[in-house]
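Number of protein chains: 2
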Amino acid sequence: MKIANWSKTLKNNFLFQAVADKLKQFKSKYPEKEIINMGIGDVSLPLADEVIKACTFAANEMGKSSSFRGYSPNGGYDFLKQKIKDEYKNLGILVNTDEIFISDGAKSDMSNILDIFSSGNTCLIPDPVYPVYLDTSIMEGMKIEFANAVEQNNFLPEPDFNKKVDIIYVCSPNNPTGAAYTKNQMKKWIDYANSCDAVILYDAAYEAFIEDNDLCRSIFEIPESKTCAIEFKSFSKSAGFTGMRCGYSIVPNDLQRENASLNHLWSRRHATKFNGVPYIIQRAAEASLSDEGKLECQKSIKYYKQNAKLISEVLNKLSIKFFGGLNSPYIWLKCPNNMTSWEFFDYLLQDLNIVGTPGSGFGKNGENYFRLSCFASREKTQEACNRFLKLL
Amino acid sequence: MKIANWSKTLKNNFLFQAVADKLKQFKSKYPEKEIINMGIGDVSLPLADEVIKACTFAANEMGKSSSFRGYSPNGGYDFLKQKIKDEYKNLGILVNTDEIFISDGAKSDMSNILDIFSSGNTCLIPDPVYPVYLDTSIMEGMKIEFANAVEQNNFLPEPDFNKKVDIIYVCSPNNPTGAAYTKNQMKKWIDYANSCDAVILYDAAYEAFIEDNDLCRSIFEIPESKTCAIEFKSFSKSAGFTGMRCGYSIVPNDLQRENASLNHLWSRRHATKFNGVPYIIQRAAEASLSDEGKLECQKSIKYYKQNAKLISEVLNKLSIKFFGGLNSPYIWLKCPNNMTSWEFFDYLLQDLNIVGTPGSGFGKNGENYFRLSCFASREKTQEACNRFLKLL
Numbered sequence: 008m009k010i011a012n013w014s015k016t017l018k019n020n021f022l023f024q025a026v027a028d029k030l031k032q033f034k035s036k037y038p039e040k041e042i043i044n045m046g047i048g049d050v051s052l053p054l055a056d057e058v059i060k061a062c063t064f065a066a067n068e069m070g071k072s073s074s075f076r077g078y079s080p081n082g083g084y085d086f087l088k089q090k091i092k093d094e095y096k097n098l099g100i101l102v103n104t105d106e107i108f109i110s111d112g113a114k115s116d117m118s119n120i121l122d123i124f125s126s127g128n129t130c131l132i133p134d135p136v137y138p139v140y141l142d143t144s145i146m147e148g149m150k151i152e153f154a155n156a157v158e159q160n161n162f163l164p165e166p167d168f169n170k171k172v173d174i175i176y177v178c179s180p181n182n183p184t185g186a187a188y189t190k191n192q193m194k195k196w197i198d199y200a201n202s203c204d205a206v207i208l209y210d211a212a213y214e215a216f217i218e219d220n221d222l223c224r225s226i227f228e229i230p231e232s233k234t235c236a237i238e239f240k241s242f243s244k245s246a247g248f249t250g251m252r253c254g255y256s257i258v259p260n261d262l263q264r265e266n267a268s269l270n271h272l273w274s275r276r277h278a279t280k281f282n283g284v285p286y287i288i289q290r291a292a293e294a295s296l297s298d299e300g301k302l303e304c305q306k307s308i309k310y311y312k313q314n315a316k317l318i319s320e321v322l323n324k325l326s327i328k329f330f331g332g333l334n335s336p337y338i339w340l341k342c343p344n345n346m347t348s349w350e351f352f353d354y355l356l357q358d359l360n361i362v363g364t365p366g367s368g369f370g371k372n373g374e375n376y377f378r379l380s381c382f383a384s385r386e387k388t389q390e391a392c393n394r395f396l397k398l399l
Numbered sequence: 008m009k010i011a012n013w014s015k016t017l018k019n020n021f022l023f024q025a026v027a028d029k030l031k032q033f034k035s036k037y038p039e040k041e042i043i044n045m046g047i048g049d050v051s052l053p054l055a056d057e058v059i060k061a062c063t064f065a066a067n068e069m070g071k072s073s074s075f076r077g078y079s080p081n082g083g084y085d086f087l088k089q090k091i092k093d094e095y096k097n098l099g100i101l102v103n104t105d106e107i108f109i110s111d112g113a114k115s116d117m118s119n120i121l122d123i124f125s126s127g128n129t130c131l132i133p134d135p136v137y138p139v140y141l142d143t144s145i146m147e148g149m150k151i152e153f154a155n156a157v158e159q160n161n162f163l164p165e166p167d168f169n170k171k172v173d174i175i176y177v178c179s180p181n182n183p184t185g186a187a188y189t190k191n192q193m194k195k196w197i198d199y200a201n202s203c204d205a206v207i208l209y210d211a212a213y214e215a216f217i218e219d220n221d222l223c224r225s226i227f228e229i230p231e232s233k234t235c236a237i238e239f240k241s242f243s244k245s246a247g248f249t250g251m252r253c254g255y256s257i258v259p260n261d262l263q264r265e266n267a268s269l270n271h272l273w274s275r276r277h278a279t280k281f282n283g284v285p286y287i288i289q290r291a292a293e294a295s296l297s298d299e300g301k302l303e304c305q306k307s308i309k310y311y312k313q314n315a316k317l318i319s320e321v322l323n324k325l326s327i328k329f330f331g332g333l334n335s336p337y338i339w340l341k342c343p344n345n346m347t348s349w350e351f352f353d354y355l356l357q358d359l360n361i362v363g364t365p366g367s368g369f370g371k372n373g374e375n376y377f378r379l380s381c382f383a384s385r386e387k388t389q390e391a392c393n394r395f396l397k398l399l
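Protein chains in written order, with the working numbering: chain A, 8 to 399; chain B, 8 to 399.
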C-alpha cells in the first residue's frame, strides 16, 4: 500500500484553509471583535428572485410523480446548455451543445480536467494565480513551469516561443491580480499553443466583471483557439452561486491531441466519475440566464464594482499602490512599509479586524502583495474603508 | 503533450452509456413503442414531502441577505453531519463529525478516493460489480486483481490470505447481484485487510434495502474496521436523491498508512478539488434523516421491495433462476436458453420493449446474467411482469 506521492510534496495547507484557520483562532481569542472578511472570494448578496423562483418551482416538480427527475443526462440538461449556447451566440461565437459540459463549478472542472492528460506533461502556471492550478498539477504528477506575472509586465506574462510546454493555465481576469488579457494578447498565446501542440486551460470565472471592450471575454472570440483551448466558466461570481455549485466547461469538437478527441475523453471522464449537477440547481442556473435573471445578476455585479471603487479611492488616498478592481472583483495591493504578505495579514487582522488574502499564497511573485475582495456588503465595505483610513 | 494512458486501454463506452445509446436508437426507430426501463438504477418515486419542504425553505433563505449562504464549509455543514452521526449511533457506532465528508454522491467519492493513493497499487475488484470501480482504477493506473463472485460462492468472494493486495472494493448489498455479506463474513475481509496493510473501500449505497439482521449495515459495526476501511454512502437510493446528488464518506481518524492520516489526505483532496454540495441539497438530505422524512423514505423503499417481489414471483413462475431482490433493489437472473447477456438485452428490448442491464457489462462472470432494477413505478413493473409471462 502506497499513499499518493503528493502527500509528501504538497504544501500542508490549502491557502484558504490556512486563512480560515487563522481567522478561527482569532475569533475564539477575541469573540467580541467585529471582523470584516475580504478574504475568500465569497459573494454576499442573495440570489436573484428569478433564480429563487426557478429553484422552488423545480423543487416542487421533484415532489410530484409526473415531474420528478432522476439522474441528469451526462453533460447536463439541454435547457441549460441551450441558454449557454445563446450566451456565446451573443458574443458571436458558435458553440454546439455537445461541446458544453455542466459541472458543479470551475474549481472541480479545472482540477478534474487533468484526468484526460498524462502525468508528466509540463504545465505552465502563472505566478501569482489561484492556487488550485498548482496544487492539482502537483497532485497529478505534472512537471511545473511558471510564467512570471509581475508589475513590469502588468501582471500579464507573454508566451516564450523558445520554450515548449504542454498545458497552459490562463486566468483572465486574473485571480488575484485582476489583470485581464486583450484579444490581441490572447491571440499570441493561442498562436504559441497551436505552434507547440499545447492546450490552454482558460479560466473565465470572472468574465462578468469585464467592462473594457478590447478585453477577451471568451477565448473562443479568437477562432484559432478551437484547436488548442478549453474554457471554464462558473455561475459563482456571475450569479452569486458560490453556495449553489454550478459551472461549465467548453471543449471544442475540433480539439484533438494524439489523434484523440479531447471532447470525447472529457465526456468519458464525466460519465465515469461524475453523476451530474442537481436538477434544481440546473434550473436555477438557467434562470440566471433569463432576461430578467440577467438584469438582476448584473445589478449585483454593479454593486460589487461600486465596492471596488470605494476601496480604490481609499487606497489612493493612502497612496497605497494597487492593481485590479476595474475588470475584476479583486484589488491587488502592494503591502505598505515593505511588509510581507503574512505580516500585513496579521496586522490587518489584529489592528483593523479585517481579513484579506496574503499575496504570497498565490505564488512567489505574490510576496509583498495582498488581495482584497469586493464581495462584502456595502455597509461592511464602507466600514472597512473607514478602518483602512486609520492605517495612515 | 501526452493524453492520458487510459484513453488507450479503457473500453470505449461506459456500460450505462452503451445501454442508453442502444435505447436511443431503438426509440428513434420505433417511436410508438412503450418502453419500460428496468435498466439503470434510477428511482421513480417523487421526493418525500419533508425533503421538498426543506428544499424550498432553504431556497428562500438563499434569496434573503440575512440568511444567504456562500461556500459550504469544507467537508459539509455540521447540521447534516450531526444527523449522519446520529444514524450511526443508532447502529451502535461512534463516528466523529470530522470523519464525515459530504459529497455529491457515492460515484464521485468512490472515484475520487483513489486520488489519495499512489498509482501502481493493486486493487482487488469483485467480478461482477458496478463498473465504476474498474474504470476508475484503470484511469488511476492501478494494477487490477479480480475476486470472482459466482453462483458457487453465492456471489460473495472471500479473501485469499496467500495473496497481497492494497485496495479492496466491497459493495454490499452488491450491485448487480444483490448478494450481501453478513457481519461474520465481513470480519474475514477486515482481518485480511489489517493483516496485509490494505484499505477496504466499502460501498454501502444499497444499505437501506437490508432487512436480515445478520447482514452488515455498516462496515464499522465491526470495530477492527476503523484501521482498514472507508465507508461510502449515498442518499440516491435511501431517499430517492439520484437527481439531487448527495452522499458521504466516512474516513476514520484511526486509519493511517505510511504514517499519514488518510482522513487528512482526503480532507486536503476535498479542499483542493471540490467546493462542496449546494446548501439547499444539504438541507434536503438533512430532512430525509428527520423522523418524518425517514418514515416517508422507508415507505418508498417498501414500495420498491414490493416491485422486486412481483418480479421474483414471475421469474419463479417462468422457472428462471435468479438472485437478489430481497436485501437489494436488483434482481440478478440467469438468461434463459443460454443466451448471452447482450442477446437477452436485444431480445427483451425488441420483443418485450423492456430495458435491462446486460450482466456481462459488470465483469466476465456476469456473462449469461442480466440485471433488472425494481425502481420503476408499480404500474410499469406490473406491465413488465405481464410481458415477461409472454416469454414462456
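It is possible that part of the hints are untrue.
If several chains are the same, the list does not tell them apart, and a pair holds so long as it fits within one copy or across any two.
[Claimed, not checked] Listed next, the in silico SDA-like pairs over lysine to any residue satisfying Cα-Cα at most 20 Å (straight line):
| no. | residue 1 | residue 2 |
| --- | --- | --- |
| 1 | 71 | 165 |
| 2 | 36 | 161 |
| 3 | 9 | 217 |
| 4 | 190 | 371 |
| 5 | 31 | 80 |
| 6 | 387 | 93 |
| 7 | 312 | 353 |
| 8 | 31 | 43 |
| 9 | 9 | 40 |
| 10 | 71 | 153 |
Since the hints were made in silico from the structure, they are not lab data.
Here is how each hint holds up against the structure:
1. Taking the closest pair of Cα atoms, residue 71 and residue 165 never come within 20 Å of each other, the shortest separation being 55 Å inside a single copy and 43 Å across copies.
2. Taking identical chains as interchangeable, the C-alpha atoms of residue 36 and residue 161 are never at most 20 Å apart, the minima being 40 Å within one chain and 59 Å between chains.
3. Within a single copy, residue 9 and residue 217 get their C-alpha atoms no closer than 46 Å, and across copies no closer than 34 Å, so neither meets the 20 Å cut-off.
4. Neither within a single protomer nor between protomers do residue 190 and residue 371 lie at most 20 Å apart by alpha-carbon distance, with minima of 27 Å and 53 Å respectively.
5. With identical chains, the CA atoms of residue 31 and residue 80 are at most 20 Å apart between copies only, with a shortest distance of 13 Å across copies and 41 Å within one.
6. In this homomeric assembly, residue 387 and residue 93 never come within 20 Å of each other (Cα to Cα): the closest approach is 36 Å inside a single copy and 38 Å across copies.
7. In this assembly of identical chains, residue 312 and residue 353 lie within 20 Å of each other by CA distance neither inside one copy nor across copies; the values are 26 Å within and 59 Å between.
8. For a Cα distance limit of 20 Å, the shortest separation of residue 31 from residue 43 inside one copy, 13 Å, qualifies, whereas the shortest one across copies, 54 Å, does not.
9. Taking the shortest alpha-carbon separations for residue 9 and residue 40, neither the intra-copy value of 46 Å nor the inter-copy value of 53 Å comes in at or below 20 Å.
10. When the C-alpha separation of residue 71 and residue 153 is checked against a cutoff of 20 Å, the pair qualifies neither within a copy, at 53 Å, nor between copies, at 42 Å.
Violated hints for the displayed structure, listed by number in ascending order: 1, 2, 3, 4, 6, 7, 9, 10.
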